[in-house]
Each structure stands twice: as structure tokens, then as C-alpha cells.
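A.B. asks: Use the sequences and the hints to build the structure in full.
There are 2 protein chains.
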Amino acid sequence: MPDQLTSWNDGSPKAVILDFVAAVTDSGSREFVPEVARVAVFDNDGTLACENPYTQLAFALARAAELGRPTTAEELKSGGLPAVLELLELTHGSITTDEFDAAVKTWIGAAQHPRFARPYTTTVYQPMLELLALLQDNGFTNWIVSGGGTDFMRAWAPEIFGIAPHQLIGSSGNVMFQIGDAGPELLKGTGLAILDDGPQKPISIHQYVAQRPILAAGNTDGDLPMLQWTAASPHRSLELVIHHTDGDREFAYDTDPLLGSGTGKVLAAAADGKWSVVDMASDWAVVFPA
Amino acid sequence: MPDQLTSWNDGSPKAVILDFVAAVTDSGSREFVPEVARVAVFDNDGTLACENPYTQLAFALARAAELGRPTTAEELKSGGLPAVLELLELTHGSITTDEFDAAVKTWIGAAQHPRFARPYTTTVYQPMLELLALLQDNGFTNWIVSGGGTDFMRAWAPEIFGIAPHQLIGSSGNVMFQIGDAGPELLKGTGLAILDDGPQKPISIHQYVAQRPILAAGNTDGDLPMLQWTAASPHRSLELVIHHTDGDREFAYDTDPLLGSGTGKVLAAAADGKWSVVDMASDWAVVFPA
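Chains as they are written, first to last, in this note's numbering: chain Z, 2 to 291; chain Y, 2 to 291.
Under 7 Å between C-beta atoms, here's a sample of chain Y residues computed to sit facing chain Z:
1) Arg155
2) Pro166
3) His167
4) Gly184
5) Pro185
6) Pro203
Bear in mind the hints are in silico, worked out from the structure with no lab data behind them. Glycine residues also receive a C-beta, built at the ideal position from the N, C-alpha and C atoms.
C.D. replies: Written out as C-alpha cells, the structure reads:
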């Protein structure tokens, strides 16, 4: 079989992934898992894609400026979570779902990452694209369980990651159904209904995926409950923690650049639970797609 | 092609269904819809299954008795929605999702419908089973968008209706993630988080299905927004309203037997919008599976 993980250096995480996939897909193995139960869940920001800056916040800053209410990344950082929520209310509410979808598509078609000078759709991790494809080719269903907004992500991410829009779950605001001038429409409100992080991730998995995963990948303490939930599967399972160690090619950090969530708990749990920590600097031959 | 709708009498709804499926699956037709957009949504109670009594309330009454807090259908009826919610809190909360799933499976494996003296899994409508299969065979993805509880329905309905558990959406309560004695678990709380009826149905479709349907079927005014949302699809769409006219073989009513929701608005909209009204007495040769 040709190597589908060519952007992964030989080493422990790659070997563990290949061994896991071989075992659960081998119908002669005691660890065989039927296709219907081969469910994999991935955090997005920092796990599948660069999160410095958050793509969604870059969009929100651009849209705030367009709406005549500009703010800066520095103001956001000093304002913390309340400032972020206020920005999201301004830029993600009082707009129909169709209009919002169009606004995101327009922005992401033109915006460039400030450091890498490439579209945000290409600041996703090439090794993770290869992992998604490997899993799909082996009968897995991949779901993205993001702390980011569902509507924002669905406007661009399904195509990039090769999944159906419904396989992307995230945070969401209040929505109203109304009969507008052009017919029925869904109006996005300004209130946050579900913040899909921490303990909400396994809850969202229960509600949307309706099955316990056998593979989970994350990168911060906000992904710990999702990884724990997966690790308690009755099947053999695989847990991956992406560790940002590559300041040259990406960023080296252990604390989320904006919201301050850390990695202490998830790295400790990985050590305890024999989960695989992916060292971006040493385990990945390539970070971004060519 | 063999007739897959053998339990439907020849007549308008059957002809409309067959014409619709032929048109949207014919790649030479101007009305062709690619497979990925062939999404069909179905209400459950009263549309796919008998709702007198609601299967879920029959379970709740049985479980309340088991918990030493018996109540009767008559008491529920006089107490209205508050009494129903109190019963649901008692019987659907303070239990893990795994335990609840097992409790539903045990009950539904033994319970019988009081009038038809058959398992509730067989008081589903044979013509609708045939419609679901016809659509699936023609590249549609079927979703159930029920006012009933997601966890209750997923314990038994996916197998009966031939869909994956995640394709069944309904009402849900608050859920908590916790590390219990046996490891991570999801504990069902006692509060209702989402009542999946009326305007919530198109909102849930947006969140879970992530696409606008081209076929919707319902039976009460609570299904009107879902039908309107579907009817406004840019594609050709089909809207079905199941009308309970058969007191001999099922029940004849225009007002929901317990909660009092009516059919006036949905029948008026059907007349206005040229939606298909399915007259159970005259359009169905058979009601329940043999």
C-alpha cells in the first residue's frame, strides 16, 4: 500500500496511527471495528489549522471595520473574552444565515494570513489533511468538533477537509425563523447559545454524531473532555494531541494566543493515558500544503 | 421499474411522489437535483408513526410507575403541557445517556400499543416506510425531525426507519459531562433545552442537516415552518401533509390528542401552496406493517 502520510516523518505518532488503522480495519483482528463505528473527531483551530490568528476572528475584525465599528487585535487581547463576545455579536448577529454564508465566502476568497501571506484556506496542516484522507479511505467518518462558529466554518471548511457540511459542528448563536420579504429565512441573533468547548464537546458529539468516537485529535485543555470521552470507548481508540513546537515554520506556544486556554492538563493526560503527542517540529516534514 | 409504493392506492399523492422523484433524479431534466442536495425531512409522531398515544409518553408513564411515582394519561391530559414536562423531568432526567438508552430499549422490546395490541415499533406507517426506502434508493438522505426526544427516538427508530442515528433530530434536555465511577459519562439533566417543534424545526435542520431539504412531510401546524422552509428551496420541492382521516384503521382527528396542536394552518397552507395532502383513509391501502 502506498504511504498516504508522506508529510509525516517516520516516528512514533505516524507508526501509532498506521498500526491503529491497520488493527481496526482488519476483519481478522480482535480489535476490528465495523465501518459504522469508525468515527473520528477533530478539533479545528490549532489541530487542523493554524490558530494564530483565529481565522474567524480575522473575519470578525474585517467585518467590524466594514460595519464602521473597527477594533484591533490588541484591543481584543486586552479586553479578553467579553471583548471577543462583543465583537462576535456585532459581526455574527442580525444577519440571515444566507447573507452570513455569502459574507464569509467573499472574505475568505480574498483574505491573506498576515505572516504566511497565503489564503487562510491554505493555513491548514498538510499532515492532518493526509490523515483525514487516510481515515476516509479506510471507512472512517470524520467529524470536526470546533470551538469556532458552525456557520462560519461550514462556509469554507467542508471543501478543504473533504467532509459534508453536517459533519462540522461548532459554537452557535440564537437563530430565529421568520417570513421575510423574500420568503422564509433564518435570522442569526446576537446571543451565544452554545460555546462548543471543554465539556460541551462530548455533549455535542452525543447530540450530532450520535456515536462514541474511536479517534480524537485536539491541542488544548478545551479538547480534554472530548479526548477522555473517546478514550473510554469500548473499542480500541486513538487519541492525538497536536503540540505547537515549531516557531520557525508555524508557532511555538503552550497557551492559546488570544483566549489563554492552556495545554497543561491535556499534555499531562496524554502522558498518563499513553495518548500520542504530535511534536509539530519533529513529527511533520511539511506543515502547510504546497 | 417495480412499484415500490405498493401500500399506496393509485391517486394524487402517489402520482405526485413518483413524478417528483423521477424529475429530480433525471440528469436530463431541468429539475435535476444532484444527490448531495437530495435531502428529505420527516416529522415522526403522526407522520411516520401513530401518535395516539405518543410512544414516548407511554414509555414515560411506564417509567414513572416503575420509579414509584405513577400518573395516568387522564391526569396528564387535564394537567396539560406543565404536567407533561413534569413527567419528562421525572422520567428522562438524572440518568446517564447509556442507562437511558438501555431503559428505552428494554421497555420498547416488551410494550404493546393499547388498541392495536402490537409493539410500538410496528405502529409505524407501512406506506411511509415504503416512501423512505424509495427515496433512499434514489439517492436521497432521509432525516427525521421530531418533536419527540432525540435520545428516546435514537434508541429504537433508526433501525425501524433505515437511517443512521445522527439522522434523527428531536427535542433534548440539558446534559452534563462528568467523570463517574466507571469513567466519563453524560448525565441527562431535568431541564428541557430544545423543544423541536414549530419554528425550531427549520432551525434544527439548519444546524444538524446543514442543507435546505427538497422534500418535507408533516401532519400538524407544528410542522408548518419546516414545510415552508422546504417549499422555498431553489430546487423543485415536494411537501406532504399526512391527514388523519381513518378512524377505522387508525384514528380520525384534526387536533393532536394530548397537546392540542391543530392542523388548520398546515391544511390551509397546503391548499394555498399546492402541497399534497395524504388522506390516510383513501390514499393508503395498508396502514401498519403486516
